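Following the hints, complete the assembly by docking chain Z onto the known chain L.
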Amino acid sequence: MLKKYLPIIISLLVVSAVAFVVINKKNSQTTEPKTEEKFIIGNFNKQKSCARHPQFLKQLKVTQPITIDLSQQQFKGLAFLWGKNFSKVIHPKAWETYEHFSTYALDEVGNAYLAPMPFISIKPTTFNLQKNIYKLDSKTGKLGIFMNFDDVHPSASNPYGIISLVYDCDDQTLWVSAIDESDYKSQKGVIYHVDVKSKRVLQRIEGFDALTITLLKSEKGKFLLAGSARENALYAYAIENKILSKNAEKILELPSAQEHIRKIKVRGQNLLELQTIPFSYTLIAQTSASDERNHYDAKWNKKIYKWTLTIK
Amino acid sequence: MSNEIKISIGILSVGLVALVAYWFMGEEGGSKSLSTHEKVEERIILPQYSAQTYRDIPEVKAYLNDLKKVIEQGQAILPLERSELDSNGVLAQDILLKDKAFLKDTMQNGKLLHNDMMRIRPAIVSVLSASSQTICKTHTCYQAEKYNYVSNTTSRAVVDIESKKVLEVTNHAGMQPDISLRLTHIAQAIALNAPEVAKELKKTPRRQDMSMANVRGALQGSPCQNSEHLCVAPTFSDHEKEEALWAIVDLTEMTLAAAKWAGLGKTTTPACISERSLQNRYIMKNFCEKDTHLEQNGWKLDYRLTGSDGLEIINVEFNGQKVLNTAKIVDWHVAYEGKGEADESGDVVMAGRQVEFVKGDEGKFFFGYNDAMGCPMFSTSVVLPFNGPLVKELYDEQKRKVGFYLTQDFRNPKWPMACNYRYENRFEFFDDGSFRVVGVNKGRGCGEEAIYRPVMRMDMAFSDKENFYKYDGFWKKWLTEQSDFQKDAKLYDQNRYLYKITNENEKKGYYIEPNRGQFHDDSRGDNATLFITKFKEGEGDKDLLTLGSCCNLEEDGVERYVSKNESIDGENIVLWYVPRIKNDARAGHEYCWADTVIDSNGNIEVRTFPCVVGPKFVPIK
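Residue numbers (the working numbering), protein chains in the order written: chain L, 21 to 332; chain Z, 20 to 640.
No lab work stands behind these hints: they were computed from the structure.
Some hints here could point you the wrong way.
Some chain L residues well away from chain Z (every beta-carbon gap over 10 Å; in silico) [stated by the list, open to error]:
1. L90
2. M167
3. K322
4. I324
Now the stretches of chain Z that chain L is said to cover, found in silico as 3 or more residues with beta-carbon under 8 Å [to be verified]:
5. 32 to 40
6. 296 to 304
7. 398 to 412
8. 558 to 565
A quick note: this is a predicted structure, and the numbers were derived from the prediction, not measured.
For each residue, glycine too, the CB sits at the ideal point set by N, CA and C.
If we strip away everything but chain L, and leave its shape as in the complex, we get:
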């Protein structure tokens, strides 16, 4: 009797076994999101930076901990805070010459490069100040214009110009973002790659408004991460052979449409820290109360190919 139905039983078992394999295989494939939906930067970790504090601090017998204050709350321009509870301050009046700064980057010998920022009120000089990168000399502590971008044109309808920069220890270059050309309808921001020695622009990519940028190395390569000024999202540009890919890929989105990433820090294994602000290309964002700023931990979960956001 059993022998009679054996072919049927075997065929059912074969179909079941193949079905099991096929369904599992297909499900395991769908765990990883399609690249059109999410761009995968892979596993990453915090890298050792080449950044050094300026040498003049040693001459002034400034000791760790040291922080650079660009908050504009107490000091215009920049200030070095140091000592216990950062209670000691270095802030020569000359460091107020170029008004307010948004971000800085330190190189391997302690020079600080600074991006400008319009802050609260517009003065006759404000727009011109947004066209430059500034440099605080490591040895002398002298602050001056490092480089002028004559294609940057801030105006009453968009007071921002150069807005963020990051130093690339690999090739002694700066990555710089500017958002001056953008208007309500179109995104015309520019990312520049600048050779520090020659002050030559090595690459210029148009079409993305990066409110902040930072570099990240992962198992999949080197990336320039960019917080969008227009969207509540973090994007990544792949960097291959020192060349930035033409298009930015979205890697994660924040829960609220009003939030824009203003600071990105690589905190640890697969962990980013994101600071967000409301931003609408007005001066209001910079004057917004601290309760409108959020801090997130963005953790890349390599098992399920997903970012987990935790508000801090």
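Leaving out everything else, chain Z in the frame of chain L:
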């Protein structure tokens, strides 16, 4: 071949074909689905009707009546209706309405504050403290949440039903709870009865078409422009078009706050909607990015919002005759008087503005800032538009309709808190061809002794050759650029007109009637300085950044465009008019002021004491 073999082959064939089909089948299983990358065009609708429209809705009316009764009875908390409670819930509510700790934040300066009991239900472990957990293991415990509308605070209490004791009360400032069933029904009623919603849906909306997006999860922030308001978002979905109309209902104000058409994709969930960002995008798209044409009562004009010069009217005609090329309020100078030495130690920032200090006489100094009004995005303005420009009917003191006006409300987001401001730019158009450029200040400044100076710019359009006159017992023609202190004038033609502007042959023109309090708007007069300059590009024809010093009261900022040698005789001229207003915060005399009080329903009521300035232009006949 036996039948069993044939069946086996059939099973193998069908099974394998099905598996191959499954392998190659898309994830969506062939069903139509909206990709998260596919964007539905966002359309935003701002409220067009007064708050009373919504307060007349029966559910809202009944709620407000109940609230009034409760407050009159000396209670601050509107309790949950019996239908929302089981018997233990009823008991828990009775206990809590007498509990001092639970009632602690319901009174302010002797006034009861509006609170609603939102939910009472069996306690869940995750909300309990360790000590409450121990008790509630053996006792029946209920948790309750109430919301304080004035302080935007949620209080959560845990009640031990058996011992009839309140185990704990915690307050969560700035947080909002899930709302009661009654409020859910009210929010639905507002959405269903909102004329704006019906207009968008092109039909009378039905309850069954709507899903209710509550404030999801406990204690979340608000999507309203005022993040301290309690808001929810009932939704009308159109699955065929794969879009939905989100109606944001403000339960603190009992109004429709805004509505938005958006796709059904995951990126457009209510959490992503905020009234403020909706307004910003709506205003940018409709009033900053393009001009709007208006034709009414013989008047034709275009208007737009500028980057920093407020609401601007352009190409104004009356009965086919050109009247104005443009008119706008460039900015408001805000100055306060101080005594002693001015602070020159560094940058001082007050309420988001850089403060300027100017030395005065006799140990005084002046400090303040220039407030630019303009588009909410891509601009340098700090005082932002709320809703878009509105056109309203204009009545005289006998309530007769005499024309219409175009108005735009600009506010600091935190108005009426101290050092936050609210300005209205208004253009009044009368049926007889007169018009008035009006600036309204609704406070609330940083205190008394504020001096406000709106800088108005008007470019008439009679012809390229215009003449300007001042009345001084007779009409005297001005030949060169100059200024005049209207506040010092003693003589007015027909006791109304101080200036007039005409075309070259003087057949067309307008008298200028400064405001001396005669316009029945409780104004204390313009006390203005007037400047006449020859039209030049770059002198205010495009967006001007703030003009001059806020606090040098000897100058208004326009002086930089005035040259005594520049002829204006028969030239295209520009008129600048800078009223000077002193605020008043004295009780009973308030002027350019705003204050908040607790009203009879226990809610915050903002009282405004506007000051209205601006000249009227009357056609010469």
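So is the region 32 to 40 of chain Z in contact with chain L by the C-beta rule, three or more residues under 8 Å, or is the coverage claim wrong? Coverage by chain L holds for the region 32 to 40 of chain Z (3 residues, Cβ < 8 Å).
Take a quick look at L:L90 and tell me if its Cβ sits farther than 10 Å from every Cβ on chain Z, holds or violated. holds (14 Å)
10 Å cut-off, C-beta based - L:K322 kept clear of every residue in chain Z: holds (22 Å)
Count the residues of the region 398 to 412 of chain Z with a beta-carbon closer than 8 Å to any beta-carbon of chain L: does the count reach three? Coverage by chain L holds for the region 398 to 412 of chain Z (5 residues, Cβ < 8 Å).
Status of L:M167, Cβ more than 10 Å from any chain Z Cβ: L:M167 clear of chain Z: closest Cβ-Cβ about 25 Å, beyond 10 Å.
Was L:I324 rightly flagged as not at the interface, with every chain Z Cβ beyond 10 Å? Answer for L:I324: holds, closest chain Z Cβ roughly 16 Å.
Can you take a look at whether the region 296 to 304 of chain Z is actually covered by chain L? Rule is 3+ residues, C-beta closer than 8 Å. holds (count 4)
Take the region 558 to 565 of chain Z, compare each residue's beta carbon with every beta carbon of chain L, and decide whether three or more fall closer than 8 Å. Contact hint for the region 558 to 565 of chain Z vs chain L: holds, 3 residues under 8 Å.
Consistency with the previously given hints is maintained throughout, with no hint failing.
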